[in-house]
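J.: Spelled out, the chains give:
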Amino acid sequence: MGTTAAMVTVCGGLGRKKVTHLVTAAISPTHPRTHTVLWRRGFSQYKQISNYKKVQLLAQFVSPFTGGIYGRYITGLCVKKQKEITKAIKRAQIMGFMPVTHKDPAYLKDPKVCNSRYREQLLSCYHR
Amino acid sequence: MKPETAAALKRTIEALMDRGAIVRNLENLGERALPYRISAHNQQYNSGGYFLVDFYSPTTTVESMLNHLSRDTDVIRGNIVKHPLTQELKECEGIVPVPLEEKLYSTKKRRK
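Each protein sequence line maps, in turn, to chains A and B.
Taking the working numbering, the leading residue of the first sequence gets 1, the next gets one more, and so forth.
Taking the working numbering, the leading residue of the second sequence gets 1001, the next gets one more, and so forth.
Since the hints were made in silico from the structure, they are not lab data.
Every residue, glycine too, gets a C-beta built ideally from N, C-alpha and C.
Some hints could be false.
What the hints assert, rightly or not - Covered stretches of chain B (chain A as the covering partner; in silico rule of three or more C-beta atoms under 8 angstroms from a C-beta of chain A):
1) 1033-1040
2) 1099-1112
Said to hold, decoys possible - If you want the footprint, here are the derived chain A segments under chain B, 3+ residues with CB under 8 angstroms:
3) 77-83
4) 100-106
What the hints assert, rightly or not - Here are the simulated EDC-like pairs of lysine to aspartate or glutamate, each with C-alpha atoms no more than 16 angstroms apart in a straight line:
5) A:Lys83 / B:Glu1093
6) A:Lys80 / B:Glu1088
7) A:Lys80 / B:Glu1091
8) A:Lys54 / A:Asp104
Only chain B is shown next, with the shape it has when bound in the complex (with noise of 0.2 angstroms):
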């Protein structure tokens, strides 16, 4: 791991830490090639290092992040969505037929 990416995420965490958040996880995805050439910071990049934070923040820190993140040039692409697990999970029930022929003719009131 390089040291640079190491004081970067150090430089995150630190940052978000601050702000009140409580991180829970830290996850590396790799580093591998990006899908697509993503340009940031007047530089074009073809790979970097993916990594995944788990953390609790009050919704106010969201904006200021994504600022921090923004400005900081070893960051390519910052994200911060809703932590999946919270979600809750609805029963699908799947595809519902569809009475077709009350569609055919509009019910509305016309006047006369």
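One chain only, chain A, in its complex shape (with noise of 0.2 angstroms):
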């Protein structure tokens, strides 16, 4: 037996149709600087298998400006669950299920996970 795979093809068609999901995020702060993100989606942070397709989830480390996936400082994320998430946008973003070049509107409104305030919590201290 060889490998098993997932295909997605898209055909011409009419309609919309928008898929939800239900994503809750916590934040603990243990340190002032960092932050470690624990994100629920029903099951623990490390059961996030294929998640290309939770664009909910995605969207909440990307930029609503620009779109642009936040980094590792931001997000607080580890390293390996930094990378898994860089994959799955990009997969997302490719195979037509995220937008790239803004977050979706209809995401907006979700938790903030990402510290997308770094730059200006850092030179709050020098501000008087």
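Since each chain comes alone in its own frame, lean on the hints to assemble the complex.
T.: This is the structure in structure tokens:
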């Protein structure tokens, strides 16, 4: 037996149907500069396989203005998970699940998982 | 479901089976607006139907299947990925604290 594989084909058609996922996220600050991110989607953080379809989860790690993937210093993930998330985001973008240049407007009101104000936080000690 | 999409699906599954694949499951992920405008076969598309096919196949057929999908005019973008459930789950220990004082000076042996 060879490897199993999943394939997605996109054919011409009409109509819209949005697929929504339930996502909950929790941030536990351990160190003032770093924070580990545990995200729960009904199961624990290390069971996140087949991410590329979970667009709402992936869109939490993407900038709403440019659509760029946040770095590890902003998301606070460990190396392995950051790599997995990046790969899943790129895969979802290429396969046509997730937009590239922006964040899907339906997911703009999600709970903020990433420390997107990192630079301001660093410079805030110099402000008076 | 439009008859053209049904015919296209049937064609792709038959092509899969011709190459010796065993189709396990076919899922319809719905017809929705594409996240960005995709141009394929001299046409631009703004919406499409998403379908997911689970199948077992030898690794050699992946290339020929991708070739077939790129030639099919009804398929906007076809992808083949490894089945995610076959991947082993590795335990993630989380962020391991690294002793940065040891990394401050290089321990390489320098030629005197």
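J.: Each hint needs a verdict: does it hold in this structure or not?
T.: Quick rundown of the hints versus the structure:
no. : hint                : verdict
1   : 1033-1040           : holds (count 5)
2   : 1099-1112           : violated (count 0)
3   : 77-83               : holds (count 3)
4   : 100-106             : holds (count 3)
5   : A:Lys83 / B:Glu1093 : holds (15 angstroms)
6   : A:Lys80 / B:Glu1088 : holds (14 angstroms)
7   : A:Lys80 / B:Glu1091 : holds (11 angstroms)
8   : A:Lys54 / A:Asp104  : holds (13 angstroms)
Comparing the model with each earlier hint shows a violation of hint 2 alone; every other hint is respected.
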